[in-house]
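Take these sequences, add in the hints, and give me the full structure.
Each chain, letter by letter, is given below.
2 protein chains.
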Amino acid sequence: MKVDRTVITDWFKQLQDNICEDLESLDGRGSFHEDLWEREGGGGGRTRILEGALVEKGGVNFSAVSGDLPSNIQQALKLDKPDFYATGVSIVLHPHNPWMPIIHMNVRYFETGDGTYWFGGGIDLTPHYVIDEDAVFFHRTLETACKVLSKDAYPEYKKWADDYFYVKHRKETRGIGGIFFDRLAGDESRTKENIFEFVQAVGNAFLPIYNYMARQNSQKTFTKDHKDWQLLRRGRYVEFNLVWDRGTKFGLETDGRIESILMSLPPHVDWKYNYIPKEDSEEARTLLLLRKGIDWSQ
Amino acid sequence: MKVDRTVITDWFKQLQDNICEDLESLDGRGSFHEDLWEREGGGGGRTRILEGALVEKGGVNFSAVSGDLPSNIQQALKLDKPDFYATGVSIVLHPHNPWMPIIHMNVRYFETGDGTYWFGGGIDLTPHYVIDEDAVFFHRTLETACKVLSKDAYPEYKKWADDYFYVKHRKETRGIGGIFFDRLAGDESRTKENIFEFVQAVGNAFLPIYNYMARQNSQKTFTKDHKDWQLLRRGRYVEFNLVWDRGTKFGLETDGRIESILMSLPPHVDWKYNYIPKEDSEEARTLLLLRKGIDWSQ
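First to last, the sequence lines map onto chains A and B.
The working numbering applies: residue 161 is where the first sequence begins, and numbers increase by one.
The working numbering applies: residue 161 is where the second sequence begins, and numbers increase by one.
No lab work stands behind these hints: they were computed from the structure.
There's no promise every hint is true.
If several chains are the same, the list does not tell them apart, and a pair holds so long as it fits within one copy or across any two.
Said to hold, decoys possible - With a Cα cut of at most 25 Å, we get these calculated DMTMM-like pairs of lysine to aspartate or glutamate:
#1 K380 x E293
#2 K384 x D430
#3 K238 x D430
#4 K438 x E194
#5 K438 x D388
So this is what it looks like as structure tokens:
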């Protein structure tokens with residue numbers, strides 16, 4: 161089958177459906193609220209929001225938009241023509257339980273009228289408390305997904321995630337990273353079909369990862385101190401998304417659908433002046449692990 | 161007396177002292193926690209944080225820093241030489257009571273080795289609920305302070321605040337504005353002394369304004385619904401500060417003291433997906449008033 165925009169779009173829609181269905185069953189209580197929206201310039205999307213028992217606030221969004229790019233973005237992307245088509249699935253889930261990590265996943269496809277195209281995406285994890293065993297499982301699962309493309313893909317995209325999900329002003333990574341990739345197109349070493357297969361492997365890795373995290377952590381008991389720490393860590397998540405995340409910036413500057421873009425923000429967040437966790441605490445240990453270059457897959 | 165950097169710096173320090181003393185007495189319960197800090201490149205500051213009865217979280221900061229500007233900033237400011245001296249007082253107070261507004265005040269002075277200098281600053285108000293009477297008092301007080309400089313200053317700096325404190329992606333102002341001014345230097349119509357006198361008038365306007373707001377609003381009873389709305393409005397405050405505020409951006413990009421810069425962020429914040437207040441509610445009325453160009457001083 162030829163991998164064209166229709167095939168890709170249909171697959172993304174199906175991925176959104178599968179993930180939503182499975183998350184509802186995992187959550188047990190919540191069900192997704194759906195908003196269908198249209199974009200003035202062309203296309204639209206399906207924003208789905210979950211406020212449940214496991215997921216305090218989460219979004220699983222699909223969109224497929226088209227039209228003409230603003231000239232500054234056309235220039236930044238070094239494109240000859242302004243017309244484009246972009247489709248993708250974007251997920252952010254903020255759990256109730258502080259022992260559960262925040263998870264983010266995105267797969268996307270971009271195409272222009274003159275046939276230029278690329279894929280992008282990734283999955284990354286932001287635990288409120290880093291749990292080694294979970295980090296290892298997470299990275300090994302991503303490593304396996306990357307093998308669909310090549311044996312070098314995992315280290316390359318793992319480093320890309322370390323560099324991308326970096327809260328520069330705090331000198332700490334957003335979480336334990338994952339994989340990030342952008343502007344992947346066919347070349348002498350891989351076809352468009354290969355890349356799509358890889359993007360599918362990434363999309364399909366989401367549910368096994370989240371189900372594993374829920375099995376491991378969602379029933380753990382927690383104290384008010386754990387919850388307070390979660391709210392502070394969510395503050396860092398907000399700082400990254402609003403200050404550094406290029407995807408969010410792009411959306412806000414190009415007049416995207418604000419509520420779909422900012423569904424990534426957590427439900428309750430705290431900022432405390434100059435909070436420093438006690439030495440040798442679980443919180444202090446987590447901070448030590450929020451840095452680039454840790455090889456969790458070994 | 162010659163208005164030089166020493167005179168200005170001393171006056172800013174004294175302003176911080178006066179405001180902190182008065183706020184402690186107004187708050188009744190809290191007292192300021194002070195952190196003295198030094199900057200690697202030169203200078204330092206006094207960050208003072210209040211967590212009290214009236215003020216849930218607030219900061220009153222003084223700093224005086226010097227050294228060489230990074231070359232990109234030197235270019236952006238169109239300066240021949242990199243060496244600079246900058247001093248100022250910066251205040252953000254987040255009140256407990258949703259009927260109390262968030263207030264922000266800043267006065268600052270910047271000077272380079274070759275004698276270039278300018279003043280900047282302003283005061284603006286972000287009510288969770290816009291109360292007409294308070295908005296009128298606030299703007300008239302600022303209008304009076306502006307008369308120290310000229311009769312045209314208020315409308316000009318009021319418009320500047322409307323344009324500056326604009327949450328572009330929400331298409332709403334951060335609050336009811338106030339005044340904002342930057343790069344004021346002496347010219348044929350005004351001396352450096354005139355401008356400093358005006359900046360002092362702005363600094364001195366802070367306490368009368370905040371005392372008035374406290375008298376009017378701090379004893380009002382409120383419900384959980386009012387509090388919930390406050391937490392959502394604080395979310396917009398965060399969005400403005402992290403996405404659009406040039407001062408915050410400048411601080412984060414130039415490796416400023418993070419905890420002093422981000423003291424402006426509220427203690428507890430909520431984000432809810434696509435929250436729309438009930439028609440004709442107090443919340444809906446407030447949203448209608450978050451726009452540019454309302455002449456509150458009339």
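Report task. Tell me, please, which holds for K438 and D388 at an alpha-carbon limit of 25 Å: within, between, both or neither? Result -> Within one copy only: 14 Å inside, 31 Å across.
Query raised in the report: Quick one: K438 to E194, C-alpha cut-off 25 Å, is that within a copy, between copies, both, or neither?
Result: between (43 Å within a copy, 20 Å between copies)
**Report entry** Copy assignment of K384 with D430, given that the CA separation must stay at most 25 Å
**Finding:** both (13 Å within a copy, 18 Å between copies)
Report task. Please work out whether the CA atoms of K380 and E293 approach to 25 Å or closer within one copy, between two copies, in both situations, or in neither? Result -> Classified as within: same-chain Cα gap 15 Å, cross-chain 51 Å, threshold 25 Å.
Query raised in the report: Is it within, between, both, or neither for K238 and D430, if the alpha carbons may be no more than 25 Å apart?
Result: For K238 and D430, the Cα distance exceeds 25 Å both inside one copy (40 Å) and across copies (39 Å).
Hint compliance for this structure: hint 3 is the single one not met.
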